Structure formats: structure tokens, C-alpha cells
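Engineer: Using the sequences provided together with the hints, build the complete structure.
Protein sequence lines, in the order shown, are assigned to chains A and B. Residues 8 to 764, numbered by my numbering, are exactly what the first sequence covers, in order. Residues 8 to 764, numbered by my numbering, are exactly what the second sequence covers, in order.
Everything labelled a hint here was simulated from the structure, so no lab data went into it. Note that the structure is a prediction, hence the values are computed from the model and not measured. A hint or two may mislead.
Since the list gives no way to pick out one identical chain from another, each pair is judged satisfied if it fits inside one copy or across any two copies.
[To be verified] Capping the alpha-carbon separation at 27 Å, the derived lysine-lysine pairs in DSS-like fashion look like this:
id	residue 1	residue 2
1	Lys565	Lys206
2	Lys37	Lys206
3	Lys206	Lys25
4	Lys428	Lys127
5	Lys171	Lys601
6	Lys15	Lys206
7	Lys25	Lys37
8	Lys206	Lys171
9	Lys429	Lys295
10	Lys683	Lys614
11	Lys428	Lys381
There are 2 protein chains.
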Amino acid sequence: MSTCIIGKGLPRVDAVPKVTGAAQYTVDLKMPGLLVGKILRSPHAHARIKSIDTSAAEQLKGVLAVITAKDVPDGLFSFYQWLADKNILCGETVRYIGDEVAAVAAVDDDTAEEAVSLIKVDYELLPAVFDVHAALEPGAPLVHDDKESNSTWSVERLFGDPDKALAECDFVVEGTYVTHAQAHTCLETSNCIAKWDEKDRLTIWTNAQAPHTQRQEVARILGIPRRNVRVINSYMGGGFGSKLVMDVKLPIASVLSRLTGRPVRIVNTRSEEFTTGKTRYPYTMSLKTGAMKDGRIVVRDLTVIGDAGAYHDKGPATINFSSMMFGTLYDVPNIRFQAQMVYTNKEMGTAFRGFGNPQLTFATESQLDELAHKMGIDPLDLRLRNSNCSMGTTSCGAEICGCAMTECMEAASEAIEWSQKKARPSDGTLRGVGLANMVHTGGGGRFYGYNSAEAFIKLSDEGTVTLITSALDMGQGSHTTMAQIAAEELGVSLSDINVLSHDTELTPYDLGSWGSRATFMDGNAVQAAARDARAALAEAAAEMLEADPADIVIEESKVWVKGSSEKHDLFEIVDHAVNAHGIPISGTGQFVDKLPEGYTIPTAFAKNIPCFSFGTQAVEVEVDPETGQVRVLRVVAAHETGTTINQTMSEGQIEGSIAQGIGFALMERLVRQEGKVQNDRFLDYKIPNIGDMPEIETILVESVGTKGPFGAKGIGEPGLVPTAPAIANAVFDAIGVRFHELPITRDMVLEALKETR
Amino acid sequence: MSTCIIGKGLPRVDAVPKVTGAAQYTVDLKMPGLLVGKILRSPHAHARIKSIDTSAAEQLKGVLAVITAKDVPDGLFSFYQWLADKNILCGETVRYIGDEVAAVAAVDDDTAEEAVSLIKVDYELLPAVFDVHAALEPGAPLVHDDKESNSTWSVERLFGDPDKALAECDFVVEGTYVTHAQAHTCLETSNCIAKWDEKDRLTIWTNAQAPHTQRQEVARILGIPRRNVRVINSYMGGGFGSKLVMDVKLPIASVLSRLTGRPVRIVNTRSEEFTTGKTRYPYTMSLKTGAMKDGRIVVRDLTVIGDAGAYHDKGPATINFSSMMFGTLYDVPNIRFQAQMVYTNKEMGTAFRGFGNPQLTFATESQLDELAHKMGIDPLDLRLRNSNCSMGTTSCGAEICGCAMTECMEAASEAIEWSQKKARPSDGTLRGVGLANMVHTGGGGRFYGYNSAEAFIKLSDEGTVTLITSALDMGQGSHTTMAQIAAEELGVSLSDINVLSHDTELTPYDLGSWGSRATFMDGNAVQAAARDARAALAEAAAEMLEADPADIVIEESKVWVKGSSEKHDLFEIVDHAVNAHGIPISGTGQFVDKLPEGYTIPTAFAKNIPCFSFGTQAVEVEVDPETGQVRVLRVVAAHETGTTINQTMSEGQIEGSIAQGIGFALMERLVRQEGKVQNDRFLDYKIPNIGDMPEIETILVESVGTKGPFGAKGIGEPGLVPTAPAIANAVFDAIGVRFHELPITRDMVLEALKETR
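Structural biologist: In C-alpha cells, the structure reads:
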């Protein structure tokens, strides 16, 4: 393999437009007649709508449409239609503070806001429930009164005999771990423009992580053929999972546009983004881990209660995914995983970078340290003894076809100076080190029974390359990754690749960017397309140079016959082929990844995952005894990339993940009183800023055995997964206190320090 | 072959947006900061520029840039770079009234116009020449003083021994035929927007018949890499050849945009369109035809003097093409074709529907009637005796692989009631009938040694089809044709096809829409791509229906196994393939048409043409003895289509051509005084209106032997070619006067009637 481009820390292909401000986001788009849409939201956590009076709003000058539930298609929707539980607009019941009740379209922001304020809704308050445990009590208020209970979905997985193993093993630790609602905090809030054209087709400009499936969702909920819906993505200012599932503002804007005959744009305010933009699912996890004297972990038993919020959304999928990761990080022979999602009268959860895994790993990797402590052995040593590098199939069925877990642990512990730091005599400062392992999918999942991607390539008459891919760039840089893969395979330079994407009309059907799948799935399709185009190129060159196509070498935009010293510009070859002989040069590529033979969606479990990505983070913290603040001094992040496609971007993904992981561990939590979010702005909802960030050393561990493009795996999510438990373990090392709840706030630390003194 | 779609008169795919006004032409585009560009043009036919003072224009408020020759890249350009003879802006010499001298960019139309009027140019007048014969005189003023003469390009073709044949044959007729400058009169005038982006790439929105080659021309003249130029076509309001070659306003707008950092739009006024928008090349043709007693035409000898105007443009290519058609209509063993293009100080000519063939055919088919008259035989009979249906190679090398010439003559003469009309005793009215044959390319030409096209197809998850083709729709309907070909081949309905085109970044390299090539070339590529996608579809269906892919039938969006009565919706198959198995369905297709083995561009001559399209038009006219007006009462147009793809559109193309042919024959001519166009608006330059149009009967004659998609040939140009000679022949039949010059005006007819009385 030539290594001109793969692995290099090349600048992003969209760097210049983003830096200069030329990049157009949905809010930057201009079109004639564009109206402003605003949503009237419920001020109550649970209430019955007795009546709505829109007359004053309708009479306001500059208002073109006011809609309520009676104006939108009936029926319920959800990401999975068999779990449908949400209206476009609430007709009878509102279920959380922020639930959509009515919407207006007006000529400008002020008019739209005034119109929303003029809509009078008469509510009858209903008892609300905010806590999952209270929600499970008999007689608790039902969030959905057509359902028997607030328990919405449960998963149970059993391998081996956990009860027997727990009874027989030498050491058992148990504990309950709690995580809270974290917000995605994308710099670009959720938004869309909807517009019907003269052919009665609906075009939606939005910032969707999955334009093709959102197109399906919009069509389904509006009851129109999918063919009549086109979704076009603008540049995106972050997704992190929040833009995977169709937001209800898409059908609302579509109905407003339909009624007014004009395009309608709806944009979340920052407050709306915090209070209705969905969150990471809060988990309450009761976990037992049992081990033998030799350190072998033989049993794990976990019960999860997940807080769904008011509607399903991605809850069932999230706990499903948690169950797969639970059975994969270490090869534990006896496993029980029981989980349920529970409705509460709060903002709903959704997909969020890590997808149920950061919560889970906080519990499992915290408890592993507790086990080591109880057994009196070094937590690193305990992990090394259980390293999952068998390259076989775990008891839970996960097929570990490539794994650098041991290398990651060794690299991370060496770089943090584990032995010295653990042995360090106290100098009076409250410093400590901790580490945690992680596993995550490195290439999406076969959750539909398959996962697939397709790409097209055409060369211009000058050898520049148009690459049509569905790899969705939400800011993570997948356009750059795809361009690098195509450039490397074709033997051209990165600047020769133009990526066309972000339009369901143009790009092949694709599940979107989530689950760390773009590099693996779309990258494979891009590589196949480039290989196809390269063959056409070699054939053209062979004809011109009177050689065998197999002897043609193409590298760094030069073409030559193997063994010959005469190098031709690629331009010359393509110009000759296209302009002298009229031979167009193009390629197509597909990648289809299916469940193994004999497995179906319900039975596949961990076989859903085409490749796993392991990693280890080691952190050093210092606790301020006066303020209780935990300062993360240093993070060493050793992660498997398979093959690194772009070093700078892989490091960027990991560093960004760690920032979000530090927020999850120490700062971020939506605080509610009676269901009402109290911190709906960045001044109150604190995410790590530059001053909070530690020194980060990222170690990209290349490994083999992955079927990704050039052997690459996805790296978009893993960096977030082990950060919180590594910090919790380091805090324990520093002050001897074990925290079972995130975020570990200053108040909690001060309180704990008080108790230990 | 299923015949669900091919041949049907289906509505155009762009009918609704065009009818409702939703279609966006370049003048409809809006973008932030868009400036208005205007060009200062020479008021003199020939002059030296002594100085230019732009200071007053520069100081005008709202003017952002004023440019002259010193601000634009040096050097000359032309469609064929080896014929380069034109500056972007004239620095030293202006060569016709309208030549580009300076340009401005300003905030609005009024300011731009005022700025142009404030530019002071000091000219030194030079002697000018307007007539080709005067231009060839020794000592004539040189239009380009760096050249030795005004004769710019000559072609000579010789087959057999014309002198010997002329001496030995039984009948010879000779005459000189003259045609004048006809304007294209597109409803949308020439225009463009140029804009540089943050990556230093230039995007041009325009109405180009050949975006890919215009992109090459823009890059060449600006001295920038082709990769940095993108051409995007909007909807087009007609081309007819006028929008094939890059207009100089593209580099002018590009330079203005570069200087101002803002997008700049330049739009021809109607007057500019008439006076600088280029014309059909005027020809003066001295022709001899010789025949034997049995009617066999044995020799033809033609000398053409073409009027290039001030610059080359498509002149050389036009006379080259005339020479190919001259040797192809009938298989004449002895042929001499001598032609030259001559510079004059007038607006230049360019490509125009028929490309040198309407002029030529006016001469040859008029003279054939003169020959018949001299020999005392019926003109139809003479033509039938010489019908070129040998299906072999003519003396000039044209390979006639499919020909319905005799059928066309028979169909047209029967429909016009030829025998009755010719035999009709005079009832006092001056009525007459005439006919003429034609041949034209039915699929472009291999003028670069090749001709080729490529197309891509992808199916959505619902079975709708995205078709990426370079077939350029300038209003002739090629998007509809391409959609029909794809729909037929795939077995889906026309409304399932979405055509993506008109963007050099997106579409494969392609020579553009001209020479009746889109249906033949692009259509073949589209059919191949659809065939490829259909195979993928059949494979998916076979898997689902547990059958052999070869047994899968796909028709009218239904899929079934041969012999089975159970029909499935195509939707079901695709949904299953994509959503259950993740198998993307797509296809690519290429069509490469090369010169026959052993021929090169200079030697290929008529072998440049991949397929010929024959046709016959028969007309009936009535001459008003009081006014001299020739009224065309009826036209029967029998034309070969190979296979008709869309009956309504084929008829539309022929009817539109006939309108332009009637204009060419009877009305249209740019009238000049000392080089200045006198009729630069539609009130003065008369084209046929609805009242001028005759009853038209179009007979589409299907024929075999063509390698086009489903056997189709192009039909965009043929309908114009024989109209003028058929009318001239009918006028002779009506009043016994032979006109050798077009247009046949009322004054000319009155004068002739006076003489005959």
C-alpha cells in the first residue's frame, strides 16, 4: 500500500469555508418568501388541553398560518414505528414542559413570537412524575394513559448461570451507579426549512445526521410517498446523536409551508435546544461483579432503569446497545443484563455519542476498581489479567476479530507513569491516577439485519475527482476521510477530490452518520468505487503507454509503467483518454455487511457489531480540598484505530470526546425543578472550556483484523466512553472516596471530604 | 421490447415548472451581493483605440469595477485554440459594431449603464469591409492586420473526376445561390453569473449548450486550471447553436467578480443579442450539377464563400460539416467541394441549427428542381431515381447504415397529393407545390476522433430513480428523452425518474447538446446505465422471489417471475433489497463511438458521422400577386427518427424547425448599413408568428440500422434543413420564377412578377 495520504494529519477539506465563514448553514440560507416558524410549547409537565383559541394570533398582521393538532396529520410516530407514541402537535395531552402544542408562520421573528404569545390554551393540570422509581410505583401517574405502566421497554440477556457463579466465586462487589441527563450542546441548534415545489414535492433543508431515514420518517408521518420528500443537508455545527432521529419541527414546518405556499424555517433558540433538544438517557444501574482469587472475572449481573422522558425515541435501541457492550468488554462467562426504559414527564432522551455505553462503562469500570481494591491488587493488573484479546468469540457471542486492548492498557499506563504515580508518597496534595477500559463498535451495527453503503466516482477531463457519497459530515470530518480514502486508492492528491453529499436525491440510500459507522461503512464503499475507477484509469494508461494494465502504477498524480523511469502526469493520461478517445473514467462501489448466517435481528445480539474498537484512558486528577473541585491534570488516551486515516482528525475526535467525557464526569447535568429545566443557557449549563481542559496525550494504536477501508475503524465515539470511570477511579485514588453518581460536583466532593476527615 | 414508454407522446418532465413560472433561469437567480455587469461596445465597424478614459465611470457612486483590455488576461482565444483570433476586451483594434471594449460592475442596472456611458474612448477610424467579395479583392482592408488576407480557412474535397464528368454528362445546370445572416432569436438572451469562492474556484451559472467544453474554454482563456472552474446550467430558454461556444461575457464577468469579490451577472439586452449574439453564416454558393439522360446525377461541383464576420468562431467547423453533407445526400460519383470562410467587419457567425446544411441544401435542392425542369421530368421522379438507399458506402465515404429516404419521399408526396397538385389546371390563384430532401447527422459527429457519453443511475429505497446525465436540456426536451429511455429500460414509470444534470461537478465529461447528438450519444449511455441497474434489480428480485435472475420480468413498475401470475410492486422488491438486506441498487453506462479503424480526424470526412437521418418536406404555397407575399399553406414533413422516443416532442422539434425554416426562407435577415444592424428588435426583425404558420403534417418514419438507444436518431435539426428549398421550389411551381437568394421577400417577388408580365 502506498502511504501518501492515509494516516497523514492533512487539513480538513472544509477548513477554509469554515474558517472564513463562507460555509452556509441552514440558518444562512436565503430564499424568496421565506417565513419564520415558531412553536408554542407546553408550560406544564403534564396537563390536558381543554381548548385552544388561536383567533388573536391569526388576526395579527404578518401572520400567515397558525396550526394546532387539528391541522396536522393524525396518528403517532417514533423512530421505530412499532413504538409510535408521539403526536406532531399535542391535541389532548401535554407530557413535558416543552411539548409542542401549536405553531405559527409569520413574516419575521418578532411577529412570530408575538403570535405564539397570543395563542390561548386552557389546560387542566394532571399529576406528573419526574423520577423513574416513583414512576414505577403502583398508582403512579401514567405519562401515557393508554399504556398499562410507565415501563416502556425491557431487555433481558442471560448467558451462563450468574446466580450459581455469584454463589461460588471468591469475591463479589456490588453497588448502584447513577448518571444524569447530559445535553448535546451542539453549537448549531436544531433547525429546518420546508418548502413544497410545483411538482408537489417537499424539500427539507436541515442538519440531519441521517437524511435518508429522516426522509422516510417525514414521509411516513405526513402520509405522503417517500419519493415526494427530498432532504438536503447544509453544513452542520455538530450532531453527537441529537440530529439522528427526525425532529418534530420537520413535519411542523412542512405543514406550515403547505398552508402558506411559502418556505418556512424553524430554528431552536438555545433555551429550546436545552429544554426540548433531547438528552443522554439517565441510567440507574445496580451492578454485581464476581471474581476468582486469580483475578478472573466470572460473573456480572446488572439491572438498569433508564429514564426515557416523555416519549420513546431511541430508548429501546440505547439499552439494547448497552447490553451488547456489557457482554463484550471482557469475556465474562456468566452474564445477566436486565433493563427497562421508564416514561417520566420530562424532555425525552435520544442517541448521544457513546449510545448507552458511557453510562454502562461508568458502572462497570468503576466497580472493577472497587473489586481490585477489595482483592488488594492493582486495578491495571486486574484488567490485564482479563484482557479480551482472545481473537475468538466471547461467551456473549461477540466476535473479536481484531483487538489491541492489552497494547492500549500498556501504552496508556506507561505514558501516565502508572507505577510511579500509584506508588507516590503523598506530598500533601490530593492527587491520584485512575484508568478505565472501553469497547465500542468501530463500524456501526447490523441492527436492521444489515448495514451497507454505496459510492460513485467520476473523473473530470483533467483528472479531478467527483466523489458522491452519503457519508454525512456533521463536523466530525467524514468528507475529509472519504476524500483521503478515494485519493489514496486512486493515487491522486487530496485537493483533487470534490465531495458531493448531503442530498437524498443525489446520494445513494444510507443509514447516516452514527454508531461510528461512516469511516467503516461509507469508507469501504468509497474505497471500492475508487478501486473501480482506478482500474478504468489503468486501462486507459495501458492503452496510451502500450503496456499491460496490471503493470500500471499510479501514485501522487503520476502514472508510469512498472520498471520504467518515465513518469507521466495523471492529467496527461486522463486528458488523452477523455479528450482524444472519449473514454469516460468512473467507478462505483458498494459495501454490504450482513448478519452472520443463521442469525436474525432478535437473536443476533453482539453479532450485530461488525468490528469492535478497544481503548484505555488513564487520568491524573487533583482535588482542591477548599473548593472540592476536581481538576483533571492529564489524560492519556490510547485508542485503537485499526489504521489511522487522518491523524489530526482522529486525535481531534478523541480530544473532543474527552472534553464531553469530562463534562459528563464532573459538570454537565440538566437541573430540573418540578420538570422545569433551570439551566437552559451556557452560562448556567457548564461544559468544559479551554481552562478546564487537561493536557491530553493521544496514542493511536494501529491494529489488524478489521475489514474497514485500509483496515480503519470508526473513532467518533470511543474517546468519550471510559473518561468518566477513569476520573472516578482517579478521584478514589486521590481522596479515598468512591462516587457512584455523575457528575461528581464540588458540593459532593466537599461533603465527602467532610465525612472522611 | 416492452413499449410502455418509448414512442409515447408523454408530457415533458419539466412541463409544470415551465408553465407555472417556477423554473429558475439564470436571470432569476438571487445571491447575496450580486452585481450587475455591463459591456461597453464599439460603435465603429473598424477602428484603432487610441486611448480609453475610465476615470469618470470609476468615480460614479455604486460602481465597483471598471475594466479594459489591460485588466484581462492577454492573448487570443477561439473555440479551436489553433484558430485563436479574439481578445476578451479589445485593446488596440475593434472589428465590428458591438466588439467588446470595456466593462463595468455596479450595484444596479441604471448605475452600470450610466458608468458605461461615462467611459470615453478615443478611436481612429479604419476602413472597413462588409462584403465577402470586396473582402477578397486585392488591397481590401484587412479585418485582422496580422493576417495576409481576409480568407480565414478553406476546405477542398475531391472525389472522382468532376471536370471529365461535367464534359461528358447529358445535362448540366449551374447557378449561384446566396443566403444571409439569420439570428437565433432565443427567447432567453445570452447571460451568465460568475462568482469566485473561498477556495479560489470559479463558478459560472449560465445557459450553455456545452458546459464541460465551455469550462475548458474559460479556464484556458483565464489561464487557470480547469479544475478550478465549475459551470452550472440553469433552465435554458433556447440555444439553437448560439450557446454552444463560450461567450466572451463569461471571462468578462469572471474578471469583474475577481476584482470585486462579489458575484457579477451580465445579461444581453435584446438589442445586444441581435447585434452581437452571432448569426447563421451567410453563404454564397456557385454550384453545378450534371446528370445523364436516365436521370442519374453524376457530378456536383460547388464553391462556397462563407461570411465569417469579424472572428473565426465556428466558421471552419461549419464549412467542414457542409462538405460532409454535400457528399452524402445522394451518392454522386464525382464531387468537388471548395469553400473558404472570409472575415468581414460584421458580427460573427456561429453554430446554428443545421450547421451549414440549410444553406447548402437550399442550393443543392433548388438546383435539382432546375435540373428536372431542364430535363423535362418531375422533380420527385428525379429524386426517387437518385434515392440513396443503397445501405452501402457513398463515393464520398459516408456509411449509410440505415435510410428511409424513399419512404420519406413517398410519404410526403402522397400526403401533399403531389400528382394532383402538380397536374392542377390553373384556377387563377398563384399556387404551387415543391419538395426537397435532406440528410443530416442523427447522432453528432466524431469530430474529435470520438464521441462519447456516460450516465449514472441510483435507485432510492422506494424504487424511484435518480439519473445523472450530461444530456443538456436547452428546451428541446432531452431530460424527458433521457427519463423515457431510463424508465423504459428499467421498467418503471416516467414519473419515477428524477434527472440530475447541468453541473460540470456532478455530471460526467460530455461534449454537450449540439449536432443532434444528445438522444443518440447520451441516450445510449443512459440506456446502458439503466440496463446495468436493471440487472442489479433482477438479482435482488430473484433472491426475494427465489428464482433465476434471467426469469425476472420488470414492467410498468411490476415485477414477477416469468410464467407466474403473482405480480409484485417494484416498490416491494426495492424496499426489501435496500431496507431488509441493505443492497444498494445502481448502474453506470458508457457509450464510446470512435472513428472506424484506419481513419484519422483529417481523413475521416463523412466517416465522422455515426448515423444519418434522411427526410423530405413537401410544401404548398400561394403567392399574393398584389403584395408579393408568399404564404406557406401546408407543409408535410416526413422525417426518419429511427425509433421515435417521444412522439409529441419529435413533432415539436420538427414543427419548431419548420418555423425557423420558413423564417430563413421568407423573412429573416439581419439588415445592415455600413455594418450597423438596423433591425435589432422583434418589431423589425420578423420571425414567423402563429398567423404565418402553415398547417403542418409531420410523418415520423421509423427505420432500422441505427445504433441509437432503442434504435433512435436525433431529430433536433433535420426539420429545418429542407424547408427553404422546398418553398423556393413551390414558388417556382406557382409563378415560374426561380429565386437564388434567401430570404424571398415580398419586394423580390413583386419585382419578379413585374418582369414576367
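Engineer: Going through the earlier hints one by one, which of them does the structure break, listed in rising order?
Structural biologist: Result: hints 4, 5, 8 and 10 break, sorted rising.
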